[in-house]
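Line by line, the protein sequences give chains A and B.
All residue numbers for the first sequence refer to this note's numbering, where the first residue is 130 and numbers rise by one.
All residue numbers for the second sequence refer to this note's numbering, where the first residue is 56 and numbers rise by one.
Rather than coming from a laboratory, the hints here were simulated on the basis of the structure.
Treat the hints with caution; some may be incorrect.
[Unchecked claim] To be clear about the criterion: a stretch of chain B counts as covered by chain A if any three or more of its residues have a C-beta under 8 Å from a C-beta of chain A, and this derived list gives those stretches:
#1 65-79
#2 89-101
[Stated by the list, open to error] Below, computed lysine-lysine pairings styled on BS3-like, alpha-carbon distance capped at 27 Å:
#3 Lys157(A) / Lys95(B)
#4 Lys126(B) / Lys62(B)
#5 Lys95(B) / Lys74(B)
#6 Lys74(B) / Lys108(B)
#7 Lys157(A) / Lys96(B)
#8 Lys58(B) / Lys137(B)
Just so it is clear, CB atoms sit at the ideal spot from N, CA and C, and this is done for glycine as well.
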Amino acid sequence: GDSVTQTEGPVTLSEGTSLTVNCSYETKQYPTLFWYVQYPGEGPQLLFKVPKANEKGSSRGFEATYNKEATSFHLQKASVQESDSAVYYCALSDRDNNNRIFFGDGTQLVVKP
Amino acid sequence: DPKIIQKPKYLVAVTGSEKILICEQYLGHNAMYWYRQSAKKPLEFMFSYSYQKLMDNQTASSRFQPQSSKKNHLDLQITALKPDDSATYFCASSHDWGFYAEQFFGPGTRLTVL
Numbered sequence: 130g131d132s133v134t135q136t137e138g139p140v141t142l143s144e145g146t147s148l149t150v151n152c153s154y155e156t157k158q159y160p161t162l163f164w165y166v167q168y169p170g171e172g173p174q175l176l177f178k179v180p181k182a183n184e185k186g187s188s189r190g191f192e193a194t195y196n197k198e199a200t201s202f203h204l205q206k207a208s209v210q211e212s213d214s215a216v217y218y219c220a221l222s223d224r225d226n227n228n229r230i231f232f233g234d235g236t237q238l239v240v241k242p
Numbered sequence: 056d057p058k059i060i061q062k063p064k065y066l067v068a069v070t071g072s073e074k075i076l077i078c079e080q081y082l083g084h085n086a087m088y089w090y091r092q093s094a095k096k097p098l099e100f101m102f103s104y105s106y107q108k109l110m111d112n113q114t115a116s117s118r119f120q121p122q123s124s125k126k127n128h129l130d131l132q133i134t135a136l137k138p139d140d141s142a143t144y145f146c147a148s149s150h151d152w153g154f155y156a157e158q159f160f161g162p163g164t165r166l167t168v169l
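The whole structure should be built from the sequences, with the hints applied where relevant.
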């Protein structure tokens, strides 16, 4: 079945440093890939989605490239801010599983000033 | 104004009782979903509906019953509650039902079963 594996958290960084959260996925189909962000006490919010292989998604300075060969979708940001502290979820959806979204376990990011 | 409303925000129940979690969306979406978030499984899909029709059910137990009285409503009835049901339940919606669809999540209902 489908699965998503991502960097185990927490990841603690200082403001201004760069971020990489690794995400690998398994599926027999051609999925749409997502990154969601969840702040304390709120529901997950879509950061961006990428429906096609070899394309890049980006939002708020975060970006990820859909790498079909490596089955990866790593999240990167060049310079994190304290306000980026949250839990980040890599996720996928495909036709074979009735379009439901499979989420990774989440990576908590803590950014210190 | 919040676009997806979930009520109540917090809910405490005793083992064996029954509760209904309310979800309403004002995004004009045609598909709605329920997810569960607990310490054991961070975000787990439960149900999906499209135009008030059940599309997918990944919940093994019949104690969980979604109810859609209107296109923008999808409530979740849970019967014979167990402590293991303690979790935050998120309602979500998307414009259409499809694997490319962006799902928007509500703020959640945190359920504690004693």
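Checked hints:
1. 65-79: violated (count 0)
2. 89-101: holds (count 4)
3. Lys157(A) / Lys95(B): holds (26 Å)
4. Lys126(B) / Lys62(B): holds (17 Å)
5. Lys95(B) / Lys74(B): holds (22 Å)
6. Lys74(B) / Lys108(B): holds (22 Å)
7. Lys157(A) / Lys96(B): holds (23 Å)
8. Lys58(B) / Lys137(B): Judged against 27 Å, a Cα distance of about 31 Å means the pair is violated.
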